[in-house]
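Visitor: So the chains spell out like this:
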Amino acid sequence: MASIELDRVSKIYANGAYGVRDVDLKIEDGEFVIFLGPSGCGKSTTLRMIAGLESMSAGDLRIGGRSVNNVAPRDRNVAVVFQSYALYPHMSVWHNMAFGLKMRGVALSEIDSKVAKAADLLGLNHLLQRKPGALSGGQRQRVALGRAIVREPEAFLLDEPLSNLDAQLRAEMRLELVKLHRRLGRTIVHVTHDQVEAMTMGDRICIMREGRMIQTGRPLDVYANPADTFVARFLATPPMNLIPARLEHEGEKLVVRIDSETSVTVPDKHYLPYVQKAGGPITAGIRAEDIYETRERPDWQHIRVKVVAVEALGAENILIGQLGRDKPIEIQARLGRHVFAPVDSMIDLYVDVEPMHLFDSETGKAVARPPLPVGR
Amino acid sequence: MRKFGLHFGLILACVVVLLPPLWALRTSLVPESMSYSTEIFPAFTLDNYTGLFAKNRFGTFYVNSLIVALGSVIVALPFAACTGYAFARFRTGGRFARFAVLATQMLPPVALVLPAFALLRGAGLTNSLPGLILVYSALNLPFLTWILMGFFEGVPVDMEWAAMTDGATAWGAFWRIVLPISLPGLAAAGVLGFILSWNEFLFALVLSGPQTATIPVSLAALQTSNGVQIAKVSAGVVLAILPLVIASRFIQRFIIQGLTFGGVK
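Respectively, the protein sequence lines represent chains L and R. Residue numbers 0 to 375, in numbering that gives the first Met the number 0, belong to the letters of the first sequence in order. Residue numbers 0 to 264, in numbering that gives the first Met the number 0, belong to the letters of the second sequence in order.
Calculated directly from the structure, the hints in this document are not laboratory data. Take the hints with a grain of salt, since some may be wrong.
Unchecked claim - To give a feel for the contact side, a few chain R residues facing chain L, derived at Cβ under 7 Å:
1) A167
2) I176
3) P179
Virtual Cβ for every residue (Gly too), placed ideally from N, Cα, C.
Next comes chain L alone, as it looks inside the complex:
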């Protein structure tokens, strides 16, 4: 059993600044968890505290139900893969992979078979006698993984292991890691600032910001129901459009008024949760993919946008436009690849308002409403 429990874990630096603040989290045995956040948010620090490489200032940490607050890294039975790979440059690949087993006094014949097995799994057989200096980035990455695997640790802690790879290799390794997790069934904590890794690899993502864990959940759930504007913007490319507006009554309905000419009506089923905010400022969150070039459902709502630029990505076009006349707001829409609009022209677009979120304009927190169902 290698569940990992963090109970109000904090890291306070000598100058009194919080690196990590009151993190509560229970990672189940065999779970693949992603720590996601911008650089400096405390995700790597949290990982290092789990590994025992960084001391905790407060809180309680349990691995497999056992408190490990005062347990040395070597006795926690976790393996860390570092962003820099941290291979031992003076040792061959074989010795790099065997090092952990040697330190634990495993018999040489057993080391040999375990290294061979891991090398087989990762396709490193022909590289075992090489030194790290003679390997490519992708190969070093595999060796770093291999070094972790041979020890058969209870949990793998991966600290941005893919960030030094080029785009294609990164996509391959993403898949490899997911496969590896399925095969080994061990707990994995993966730290990244890449939202694609976060969305595609883990069972659960934990989004961190300024040392706090602000939202955890299954990737699609978090995507569909962001807790605040930070999560809403961070977890998507292009980021969610955040539009300052006022929430007003209009007859029986609630409308999000963007300016004197532009407004969208709140769907009836969201009337009750949102009515408390009526009459005040609000931030409306509309994802780029919820804006369409044609009206396919009658409840989609019309907006008129001035085209600023179109980024043709091949499979789709990202339209960057200005919404509203008084104080134009820049928005991005993900449109079909056949939609082209000249710069500075006006274009009619349609918003699917059902997934639209409203956020408190001061705190940025999402106004509570029943979560959006996610197709799975």
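With chain L's structure known, arrange chain R on it following the hints.
Guide: For chain R alone, coordinates are given in the frame of chain L:
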């Protein structure tokens, strides 16, 4: 034309730097009586070298110098490595300790000679090679510590962390990972320490005796009441700089050889 000017300047600079040692080499190979001659090479003899070994016991002093210089490096280097690593990784003693170590290098050596003499006399170690080794080790320690601290700071901490999660203790990570990676740095520091001890004059003069003198002291002794035996002095100088020339070849190779050669990224 500009290139010619540049090369001419460089050649001139080389001549200025190399002329004195070359002239010493020339003087060491001509008879004493012609050593001040303005002729470039009036005659050839090896008498100055043979005389040094036969009459001036240069062989003994050469061995003394080797023992003292090597001994002081062997004694100081392990301590310097541990201290340097502690400074680099654990912030041991804080900034003050680092500064204090460096500050000892700022004292004029003369200020240390008499206390060192008093200490060695108390221990019965004056006029002895172990005494000199001890003093040179102490003199080298701060300098070597400082150099090695720089090398250890260059070792990515990730590697030590990797070793520690792999099952090594902090000492194990230092011994098995950091030290082997830092071998070029250790070698460079060792060579520098060797050169410092080899060249040292003041402490050797005060603390050594007729049997335990080192090369700088024995060279100075050639300056007698009958005048300076310049040809013999030149021969001694040539022999004295020989190990340094060899050592500097080494140090170059080690310093140029990178520190981490591919362990990270």
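Visitor: Taking each numbered hint in turn, which are not upheld by the structure, reported in ascending numerical order?
Guide: none
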